[in-house]
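Peer 1: Here are the chains, one letter per residue:
Number of protein chains: 2
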Amino acid sequence: MRVYNFSAGPAQLPLPVLERAASELTDWSGSGMSVLEVSHRGKDFVACAADAEATLRRVMGVPEDYRVLFLQGGATAQFAGIPLNLTAPGDTVAYLNTGQWSAKAVEQARAYDLDVVVVADEAASSYTTTPEEGSFSVPQDARYLHYTPNETIGGVEFGYVPDAGDVALVADASSTILSRPLDVSRYGLIYAGAQKNMGPSGLCVVIVREDLLGRARTTTPVVLDYTRMSAADSMLNTPPTFAVYLLGLIAHWLEDNGGLEAMGERNRAKAELLYGAVDASDFYTNPVQERSRSWMNVPFTLADPALDADFLLGAQAAGLTNLKGHRSVGGMRASIYNAMPIEGVQALVDYMTDFEATRA
Amino acid sequence: MRVYNFSAGPAQLPLPVLERAASELTDWSGSGMSVLEVSHRGKDFVACAADAEATLRRVMGVPEDYRVLFLQGGATAQFAGIPLNLTAPGDTVAYLNTGQWSAKAVEQARAYDLDVVVVADEAASSYTTTPEEGSFSVPQDARYLHYTPNETIGGVEFGYVPDAGDVALVADASSTILSRPLDVSRYGLIYAGAQKNMGPSGLCVVIVREDLLGRARTTTPVVLDYTRMSAADSMLNTPPTFAVYLLGLIAHWLEDNGGLEAMGERNRAKAELLYGAVDASDFYTNPVQERSRSWMNVPFTLADPALDADFLLGAQAAGLTNLKGHRSVGGMRASIYNAMPIEGVQALVDYMTDFEATRA
Numbered sequence: 001m002r003v004y005n006f007s008a009g010p011a012q013l014p015l016p017v018l019e020r021a022a023s024e025l026t027d028w029s030g031s032g033m034s035v036l037e038v039s040h041r042g043k044d045f046v047a048c049a050a051d052a053e054a055t056l057r058r059v060m061g062v063p064e065d066y067r068v069l070f071l072q073g074g075a076t077a078q079f080a081g082i083p084l085n086l087t088a089p090g091d092t093v094a095y096l097n098t099g100q101w102s103a104k105a106v107e108q109a110r111a112y113d114l115d116v117v118v119v120a121d122e123a124a125s126s127y128t129t130t131p132e133e134g135s136f137s138v139p140q141d142a143r144y145l146h147y148t149p150n151e152t153i154g155g156v157e158f159g160y161v162p163d164a165g166d167v168a169l170v171a172d173a174s175s176t177i178l179s180r181p182l183d184v185s186r187y188g189l190i191y192a193g194a195q196k197n198m199g200p201s202g203l204c205v206v207i208v209r210e211d212l213l214g215r216a217r218t219t220t221p222v223v224l225d226y227t228r229m230s231a232a233d234s235m236l237n238t239p240p241t242f243a244v245y246l247l248g249l250i251a252h253w254l255e256d257n258g259g260l261e262a263m264g265e266r267n268r269a270k271a272e273l274l275y276g277a278v279d280a281s282d283f284y285t286n287p288v289q290e291r292s293r294s295w296m297n298v299p300f301t302l303a304d305p306a307l308d309a310d311f312l313l314g315a316q317a318a319g320l321t322n323l324k325g326h327r328s329v330g331g332m333r334a335s336i337y338n339a340m341p342i343e344g345v346q347a348l349v350d351y352m353t354d355f356e357a358t359r360a
Numbered sequence: 001m002r003v004y005n006f007s008a009g010p011a012q013l014p015l016p017v018l019e020r021a022a023s024e025l026t027d028w029s030g031s032g033m034s035v036l037e038v039s040h041r042g043k044d045f046v047a048c049a050a051d052a053e054a055t056l057r058r059v060m061g062v063p064e065d066y067r068v069l070f071l072q073g074g075a076t077a078q079f080a081g082i083p084l085n086l087t088a089p090g091d092t093v094a095y096l097n098t099g100q101w102s103a104k105a106v107e108q109a110r111a112y113d114l115d116v117v118v119v120a121d122e123a124a125s126s127y128t129t130t131p132e133e134g135s136f137s138v139p140q141d142a143r144y145l146h147y148t149p150n151e152t153i154g155g156v157e158f159g160y161v162p163d164a165g166d167v168a169l170v171a172d173a174s175s176t177i178l179s180r181p182l183d184v185s186r187y188g189l190i191y192a193g194a195q196k197n198m199g200p201s202g203l204c205v206v207i208v209r210e211d212l213l214g215r216a217r218t219t220t221p222v223v224l225d226y227t228r229m230s231a232a233d234s235m236l237n238t239p240p241t242f243a244v245y246l247l248g249l250i251a252h253w254l255e256d257n258g259g260l261e262a263m264g265e266r267n268r269a270k271a272e273l274l275y276g277a278v279d280a281s282d283f284y285t286n287p288v289q290e291r292s293r294s295w296m297n298v299p300f301t302l303a304d305p306a307l308d309a310d311f312l313l314g315a316q317a318a319g320l321t322n323l324k325g326h327r328s329v330g331g332m333r334a335s336i337y338n339a340m341p342i343e344g345v346q347a348l349v350d351y352m353t354d355f356e357a358t359r360a
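Residue numbers (UniProt numbering), protein chains in the order written: chain A, 1 to 360; chain B, 1 to 360.
So that you can see chain A by itself, here it is in the shape it has in the complex (with noise of 0.2 Å):
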């Protein structure tokens, strides 16, 4: 018995790929061995690791000229490795500051002895805007422009891709990689943590821009450390390797589901029934900017926060699971990634719908 839950991540999974993965646990491809048991070095593993890489690759289009590396830590420690590998100390940075997630990478950066300028910054709406487009300016003699291009906690998204002018583009696209069609191709290094849109927590992938790579402080973790990764095509060390393998399971589900293209379709379908029925009632209220609202994570609130531990109590009572709101905003947060059906988002708008005219 399935539920359908809307956890902001760890998230829910596409069901053929968990069942999958449970057939094949204990015997993996007639083997008598776990994917979880095979050295990352065997020629197996190596072949489930590079299918799902060059998978990835064709479903995302990723250009020749960029690498993939496969590593640990969370999208947090990059907010390391990035400084780290593409400045050295005295070096000017720029980033847009739109939410708790943009403003870790920000506090990290200013560990490396950096000039770390925010070129705008959205705290002063508690989180609820991005800035508009070509409404900021960023200093052509920074390393970077880093961005959030979805941010988790707030449901704040960008609209568009931010113009850097010659300065490489950085994006945490933890939460909304694979979710719509991207062009990797402007971007310097695209990064996320895979526990949302590409399988289970304890993996991030980096996609970096070869000329981009070279220039790693000597202080770097080798762990961290984009060009030695990549010349070991990421097993340096031991990789996460049952996350690579579930990356690529859930790259083929893609595929066999009709690519970006289609997953976006679904996903504009899905934010838009969900933003429909908030916006219809007075008693859910989204609070983010409309032009910045995102397609993954969708805020909203109860008029009546008394109300609050009712509707979760009976959400759960219908198979509706982790609807509870981040701490910092309160209220409710139905997070509705790739593996959300947009039958979960009907069944989500019906029960809202049976609440506000049983509770309002």
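A couple of the hints might just be wrong.
Claimed, not checked - According to the in silico footprint, chain B covers these stretches of chain A (three or more CB under 8 Å from chain B): (1) 161-172; (2) 308-314.
Unchecked claim - Residues of chain A clear of chain B, computed beta-carbon distances all greater than 12 Å: (3) E24; (4) D27; (5) A47; (6) R58; (7) E64; (8) G81; (9) V118; (10) P131; (11) A231; (12) E255; (13) A280; (14) P305; (15) T321; (16) N322; (17) R327.
No lab work stands behind these hints: they were computed from the structure. We treat Cβ as the ideally placed atom computed from N, Cα and C, and that holds for glycine.
For chain A, the structure is supplied; the task is to place chain B on it using the hints.
Peer 2: Just chain B now, with coordinates in the frame of chain A:
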């Protein structure tokens, strides 16, 4: 049809653990969700992680003044994490070099502006020995003495706990942890990648004495900052949830099977059986000094290396897998971690005897 899998890591896991994980991979504890899909901050997973830690503490007898951290990046990430957390620039640190893993730890430490003193170096023996007890002296102004109790590649193991005087003893226990009882109170810090005796790859357990916290350098990536990670119960960011869950299952499996005393007896018997067979034959040779032989990783060579490929093919056909030695050592390597039953070692010994009889 399961095989006996002698992989050095990721390595064979207890079948009951894999069967349990497979049986609940789409519906964990009746939640309608996989353990892969739940928030690390939800009460179910928080309880799961707390139980994994508590069970590991019971099994190992970890004293109360030690913290247990669940980190990422493998032991290799801690090659940087240890100097970053325990030293200031200009400090002295001491290392015992007994193999490729300790050599990598030394190399990484040299990146952090330290006086790195290698107090014993076994490279001249091609890493087939450990220093004799009492044969080296540790500078008493060193911040720590680092050593590798068991070297996975060379199959070399310390038969004693080095005396570091008042200097904190730091151990990379990746390939020996949980293989027998260990007096944690002798150590300042013990760390281990999970993928040998503790679970899948992607999780690194750090056990650190509290008085060593609080001195991380400001340049420490936050995911490697033991003090901050400890304050956040290892959930400063999303932990590798599935690996933590499996660690808990394995800790319970250990407890249900007699704990580390029983495991130590089993492992001693397994090692004696295999070394006995090697020593009884002129056809097989183990290169390691007798008192330094590993219980976990047993390299051995055939008298005629031209027979290596046939040996491996026959072994595979007999359901004995992953016996090929590390490329730097050659020959064979049988890793016989906790999950390898003595029946598996007996099957290997029988196969070795047959092979010698027909091919020598």
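Peer 1: Hint by hint, say whether it matches the structure.
Peer 2: Each hint tested on the structure:
1. 161-172: Coverage by chain B is violated here, the residue count being 0 at a Cβ distance below 8 Å.
2. 308-314: Per the Cβ count (0), the hint is violated.
3. E24: violated (9 Å)
4. D27: violated (7 Å)
5. A47: It holds; A47 of chain A is separated from chain B by about 16 Å at its closest Cβ, greater than 12 Å.
6. R58: R58 of chain A clear of chain B: closest Cβ-Cβ about 24 Å, beyond 12 Å.
7. E64: holds (28 Å)
8. G81: violated (7 Å)
9. V118: Correct as stated: the minimum Cβ-Cβ distance to chain B is 19 Å, above 12 Å.
10. P131: Fine: 26 Å to the nearest Cβ keeps P131 of chain A off the interface.
11. A231: holds (15 Å)
12. E255: holds (21 Å)
13. A280: holds (29 Å)
14. P305: P305 of chain A clear of chain B: closest Cβ-Cβ about 20 Å, beyond 12 Å.
15. T321: violated (7 Å)
16. N322: violated (6 Å)
17. R327: The assertion about R327 of chain A is violated, with a minimum of 9 Å to chain B.
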